[in-house]
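Chemist: Here are the chains, one letter per residue:
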Amino acid sequence: MTMIEIRNVTKRYGAATVVDNVSMSVEKGSVTVIVGTSGSGKSTLMRMINRLVPITEGEIFVAGQNVMDAPVTELRRKIGYAIQGHGLFPHRTVAQNIATVPQLLGWDGARIAKRVDELLGLFNLDPATFAEKYPHQLSGGQQQRVGVARALAAEPEVLLMDEPFGALDPVIRGKAQDDLLAIQKQFGTTVILVTHDMDEAFHLGNQIAVMSGGKLLQCSTPEKILTEPADPFVQQLTGTSDRALKLMSLSPLKESMAPAKSGLGFTLPQSLSLRDALAEMIWQGADEAAVTDSAKSPVGSISMAKLLELGRKA
Amino acid sequence: MEETLAVRKLDRLGVVLVISGVLATALLPFIYVKANRIASGKPMLLTQLLDQPAAIILTLLLVATAFAALFLQNAVLRLAIGTLALAALIAAIGFAATAFTPPNSNAARMTPGGSFWILLGVVGLIISDALVKIRLTPWMRVGALIAYSALLAVCLTSGLLDSLSIMKEFATRSAQFWTEAKSHLLLAFGSLAIAIVIGLPLGIFCFWVPKLRAAVLQGLSLVQTIPSLALFGILMLPLGYVATHVPLAAELGIRGIGTAPALIALVLYSLLPIVANTVVGLEGVDPSVRDAAAGMGLTRRQILTGIDLPLALPVIVTGIRIVLVQAIGLVTIAALIGGGGFGIFIFQGIGQTAMDLVMLGAVPTVFFAFSSAVILDAVIDSIRGSAA
Numbered sequence: 001m002t003m004i005e006i007r008n009v010t011k012r013y014g015a016a017t018v019v020d021n022v023s024m025s026v027e028k029g030s031v032t033v034i035v036g037t038s039g040s041g042k043s044t045l046m047r048m049i050n051r052l053v054p055i056t057e058g059e060i061f062v063a064g065q066n067v068m069d070a071p072v073t074e075l076r077r078k079i080g081y082a083i084q085g086h087g088l089f090p091h092r093t094v095a096q097n098i099a100t101v102p103q104l105l106g107w108d109g110a111r112i113a114k115r116v117d118e119l120l121g122l123f124n125l126d127p128a129t130f131a132e133k134y135p136h137q138l139s140g141g142q143q144q145r146v147g148v149a150r151a152l153a154a155e156p157e158v159l160l161m162d163e164p165f166g167a168l169d170p171v172i173r174g175k176a177q178d179d180l181l182a183i184q185k186q187f188g189t190t191v192i193l194v195t196h197d198m199d200e201a202f203h204l205g206n207q208i209a210v211m212s213g214g215k216l217l218q219c220s221t222p223e224k225i226l227t228e229p230a231d232p233f234v235q236q237l238t239g240t241s242d243r244a245l246k247l248m249s250l251s252p253l254k255e256s257m258a259p260a261k262s263g264l265g266f267t268l269p270q271s272l273s274l275r276d277a278l279a280e281m282i283w284q285g286a287d288e289a290a291v292t293d294s295a296k297s298p299v300g301s302i303s304m305a306k307l308l309e310l311g312r313k314a
Numbered sequence: 001m002e003e004t005l006a007v008r009k010l011d012r013l014g015v016v017l018v019i020s021g022v023l024a025t026a027l028l029p030f031i032y033v034k035a036n037r038i039a040s041g042k043p044m045l046l047t048q049l050l051d052q053p054a055a056i057i058l059t060l061l062l063v064a065t066a067f068a069a070l071f072l073q074n075a076v077l078r079l080a081i082g083t084l085a086l087a088a089l090i091a092a093i094g095f096a097a098t099a100f101t102p103p104n105s106n107a108a109r110m111t112p113g114g115s116f117w118i119l120l121g122v123v124g125l126i127i128s129d130a131l132v133k134i135r136l137t138p139w140m141r142v143g144a145l146i147a148y149s150a151l152l153a154v155c156l157t158s159g160l161l162d163s164l165s166i167m168k169e170f171a172t173r174s175a176q177f178w179t180e181a182k183s184h185l186l187l188a189f190g191s192l193a194i195a196i197v198i199g200l201p202l203g204i205f206c207f208w209v210p211k212l213r214a215a216v217l218q219g220l221s222l223v224q225t226i227p228s229l230a231l232f233g234i235l236m237l238p239l240g241y242v243a244t245h246v247p248l249a250a251e252l253g254i255r256g257i258g259t260a261p262a263l264i265a266l267v268l269y270s271l272l273p274i275v276a277n278t279v280v281g282l283e284g285v286d287p288s289v290r291d292a293a294a295g296m297g298l299t300r301r302q303i304l305t306g307i308d309l310p311l312a313l314p315v316i317v318t319g320i321r322i323v324l325v326q327a328i329g330l331v332t333i334a335a336l337i338g339g340g341g342f343g344i345f346i347f348q349g350i351g352q353t354a355m356d357l358v359m360l361g362a363v364p365t366v367f368f369a370f371s372s373a374v375i376l377d378a379v380i381d382s383i384r385g386s387a388a
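These protein sequence lines are chains A and B, in that order. My numbering numbers the first residue of the first sequence as 1 and each following residue consecutively. My numbering numbers the first residue of the second sequence as 1 and each following residue consecutively.
If you are wondering where the hints come from, they were derived from the structure by calculation, not from laboratory data. A portion of the hints provided could be inaccurate.
What the hints assert, rightly or not - Here are the computed lysine to any residue pairs in the SDA-like style, where the Cα-Cα straight-line distance is at most 20 angstroms:
1) A/K133 x B/G114
2) A/K78 x B/D291
3) A/K133 x B/S382
4) A/K78 x A/L105
5) A/K78 x A/H91
6) A/K254 x A/V299
7) A/K254 x A/T292
8) A/K133 x B/G306
9) B/K211 x A/G14
10) A/K28 x A/T292
11) A/K78 x B/R290
12) A/K78 x B/T299
13) A/K78 x B/I303
This is chain B alone, in the form it adopts within the complex (with noise of 0.2 angstroms):
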């Protein structure tokens, strides 16, 4: 008992947090009060809401938390107030959500302000802390990960967001929402694969010739430093051109616009990092492995196969990682050449000024991004725990 709640010395990632919490609760809207999707809206903090129950509890969970941030030792209690604390959260501003909207109002919008994305991000934060001070396996990070994204599924579908700006907006998009995801996760998947099929094997041929290797990562450096609206537009003259002088291309869909240029642009970005990690990897292998391994007869394809490519993947594996997640926030720009995706909803929410809208394509992209990178970790760890 001791041990559990043994007081630690005041943690400093506690202190930022808790500072920031508080600030962000004392200074900044909770909700916004709208009459309409443009309307400027009525700002509520957290303690204008204090006549609601759930934001009562909310308060006092939110109390609790900052508590056991600044001064418990017990990672696993922290994490259980953290997570009481985020449901908390997400249930209050559906409640107030729900509390604010008119009855039978189509137009009005509840949108969440402020201190719910600092709060949000802040106990975010303390629950990652509290799961990095478990240790969890590789894997049970990823039991995590599902588990909280079940506890927002229930959240989305109980009903319990449904008066949220945002849900309001999904509510009439439903159907291209989902069309729109999965041409997002189309574009960055596919993209990836095509980068991985064509950077593997440059990685391997720069490794095998080193004057090939400076010129290939330089040209490919290059290309990453083209701003990606720049690169989409550079590609849609050339594309444009081949698919009005090649019948079979405009037959395959690849023209000046969409999916094609998007798709291309996507994968010259991820060509990089692919081909510089399974160089950097494949160097890492120690040399002497190698020169035995050549000793006792093993076969060039052998020695690529057995020996390099295993003691690489840890870093090959990093840089895959590096490109998903880069490729799932640079899908959103290919919406500005017809490529589709989550950017679609960004890109018309900032047109019409609609910043509910801009959310309904952001937070997927987020969350996308974020599993993706807990995922692609877990890989990384399991793979360097087994050959160590």
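So that you can see chain A by itself, here it is in the shape it has in the complex (with noise of 0.2 angstroms):
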């Protein structure tokens, strides 16, 4: 079911065309990620779906609506947004913080305050410690988790993200990374996320589309984009020097196993991807391993060849 359908749409200021008749779809449910140098227009394409940026021409349906029926802040409302530096109220704490939205919408109290204390759990940030905190108090990741659950507190369908994790270092980035996907999947939000970053776009995506200079190049799924990429941008964009590694990073391991074998030393875990598999062993120096599940029993195994052939251009 399509969640958000984008009908060539275009912005211009005045002569200058900053989004250049595009066209996309996305199912609900998925994660989509807008990906393209700094001045493609990944964000203002993003920021017409909840009209922070007004449409030049086409139109932009959420749900089956087109965003211009109904009263802007109460579109809004019903939409998720999370941006980078998290743009906190720094006046207010970090329950007064995510309870901002159902305000808006006229919860009552119990059920903003229990709403407030669930997401802090989700987001492993102790209600008892956090609630009453300011945003400056506490540290970037934290800053940025609250950013997000801000984002969810009325539990949009819909959540847009401008490059949520930008102010993040590399550690703390791979872990809010993987949170956001765990929560993504228990709720079945439907995500837009914009980012400059490719491994990011690789890691989250269920789409990727590329932008570059007010035009979508490409979208379609991450191995599409690797193994199809539509123009010479996107190939530039992907990199091309670590392109087999990339596309065994997005195959799960448990999808390419043979049969279980009797008689291996070495084992992994199921939930690795074709990449992590493979650097494992190569690690360890083992020729083939047998495949775990999360209850440490055998469901099957892996071979070195095999994997080097799944890393194969097609």
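The task is to assemble the complex, starting from two chains supplied on their own in separate frames and drawing on the hints.
Modeler: Put into structure tokens, the structure is as follows:
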């Protein structure tokens, strides 16, 4: 089912065309990453969905409804919005920040308090410790989590994120990305995320939209972006030197393993990607490994030769 | 104990203050003894008064204060010694004035001299430096202001200072004094209120419409450069014209001289700091905060009242503080065009070469300006503290 439909959307500022006749659709419950260099129009495209930027031409539908048909504040309260540098209100506590949209929607106090506690727990922030703190008393990673929690407070079906992890250091960023994926799966939220980081796009996206100079160059699955780049620019952006490994990082080990064998000394968890499995086998010097499930019982096996074959260009 | 009496490295501010105090005490008179209000008077140094117990106690306490200011690390002790010296200073001038006043004389005037005022300033600075070092919370500073005002009130009402010239001037004009005090504060606070009502929306508007900003701010800066006396004068003509041609205006009390031109001029002077600080305060709000607020569906008005204004408030209140202190000072000049206020005493005193009368106008003006500054600083700090 299509959640967001963008039809022939154009944005012009005077003579400059910032977004040029873009059409794309986003499936319900998926993560779409819009990626491009700065000035490519990626943020502008996203900001037209909740009308922070007025649409010059074209139409955008969210859940089948034209965004121009609803009052603008009503539209925005139904769509979660998280930005780089979190944008938390510095004069309000963490709890008050998270309660912003529920309060605008007129939820009663008990329901808001329950939701705030639930979200803080979900983001590994103990409500007793964090609810009454002010944003400046939190670390960068904690601020970012509160920013996403605030965006999800009113249980929106759609979440827009503008470089949400841009200000975080690499270690915290990886953790934040994994948390986002887990929560997105749990709620079934449709996510549109803007970034200039191609690795982030491959890590998070079910669908990747590559933009340059206001044009949408390609919008497809990460595998297709790697194997069938529609444009030299897309190829350049994905990088050619490690595309085998990038492709392998997209497939889980579970789907490529051979039947279980006995007598294998080395084991790998089935949750690993092919790339991580390869790296682990190189490191350990193993030619073949047993694959185990979360209970550590063997469910399959994988050989080095098979892994190398899987990484080959189709 | 070692902590309390720990000797500190020679304090630079302390050195300057002690040298000023010593020089003033040695060279400038502590009190002038005059036969009447306009006589030149006989100057008396503090050292010439040492036959009086109060002067001896004062001298000892001043020496202790100098020692404390130079060497003592503990701010609470410095504060205590300084406060004692302040009390002794006020008591000593009161006792000296009483001692030199001939019995049953209403004409004789005992005027505090240069060394009294300088010592008052020096001891005041030592006290305020100690208060700063103690790091009082904003509202404790207001508490300290109230405590010192109460000390002053006790000195004034106890009759201790009744022989001083300034109190003699007060005694003959006490009814007028309170009338002028009322109109002084009414003019200062009234013009502030009007300036806020006009300036705050104007500032918000300037922030929203950048094209308007430069024009408005430059226009208001231009007003600020007009000398106050000239602005009062400039307003006389149009207001006089309005008063004679619009009957309603005259009924409302609008005339070429008096309260109306004073109020208008004060409002004009007050607009620049309020408008400019409102614009600067709003510009200081992180744009990503505003973007997030808009993206979550806050209306334009909710963003203004819930996000922009609370975050800009410390800067806006700083503008209000500037305006209030400025207005309390400027109102004195309004006396020249019949606006009333403490300026009445100042200009009467200048006209009659009676410096005591000038003091009767100047001292309360300084007191009100200083108190307003302390109170509004506390307000600003407490807003900053809670929002941080």
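Chemist: Would you mind marking each hint as holding or not holding in the structure?
Modeler: For each hint, the structure was consulted:
1. As the CA atoms of A/K133 and B/G114 are separated by approximately 54 angstroms, the hinted pair breaks the 20 angstroms bound.
2. Note on A/K78 and B/D291: the hinted pairing holds, with a Cα-Cα distance of about 16 angstroms set against a maximum of 20 angstroms.
3. Restraint check: the Cα-Cα separation between A/K133 and B/S382 comes to about 18 angstroms, which is no more than 20 angstroms; the hinted pair holds.
4. A C-alpha spacing of about 9 angstroms is found between A/K78 and A/L105, which places the hinted pair at or below 20 angstroms, so the restraint holds.
5. Pair hint A/K78 plus A/H91 does not hold up; C-alpha atoms about 24 angstroms apart against a cutoff of 20 angstroms.
6. The suggested pairing of A/K254 with A/V299 holds, with an alpha-carbon distance near 9 angstroms, which does not exceed 20 angstroms.
7. Straight-line distance between C-alpha atoms of A/K254 and A/T292 comes to about 9 angstroms, which keeps the hinted pair within the 20 angstroms bound.
8. Distance hint between A/K133 and B/G306 is fulfilled; the C-alpha atoms sit about 19 angstroms from each other, no more than 20 angstroms.
9. About 19 angstroms separates the Cα atoms of B/K211 and A/G14, which keeps this hinted pair within 20 angstroms; it holds.
10. Only pairs whose Cα atoms come within 20 angstroms are accepted, and A/K28 paired with A/T292 is rejected, the gap being roughly 32 angstroms.
11. Only pairs whose Cα atoms come within 20 angstroms are accepted, and A/K78 paired with B/R290 is accepted, the gap being roughly 18 angstroms.
12. With a CA separation close to 14 angstroms, the supplied pair A/K78 and B/T299 stays within the 20 angstroms bound.
13. Between A/K78 and B/I303, the direct Cα distance comes to roughly 18 angstroms. Compliance with the 20 angstroms bound is thereby established for this hinted pair.
Checked against the numbered hints above, the structure breaks hints 1, 5 and 10 and satisfies the rest.
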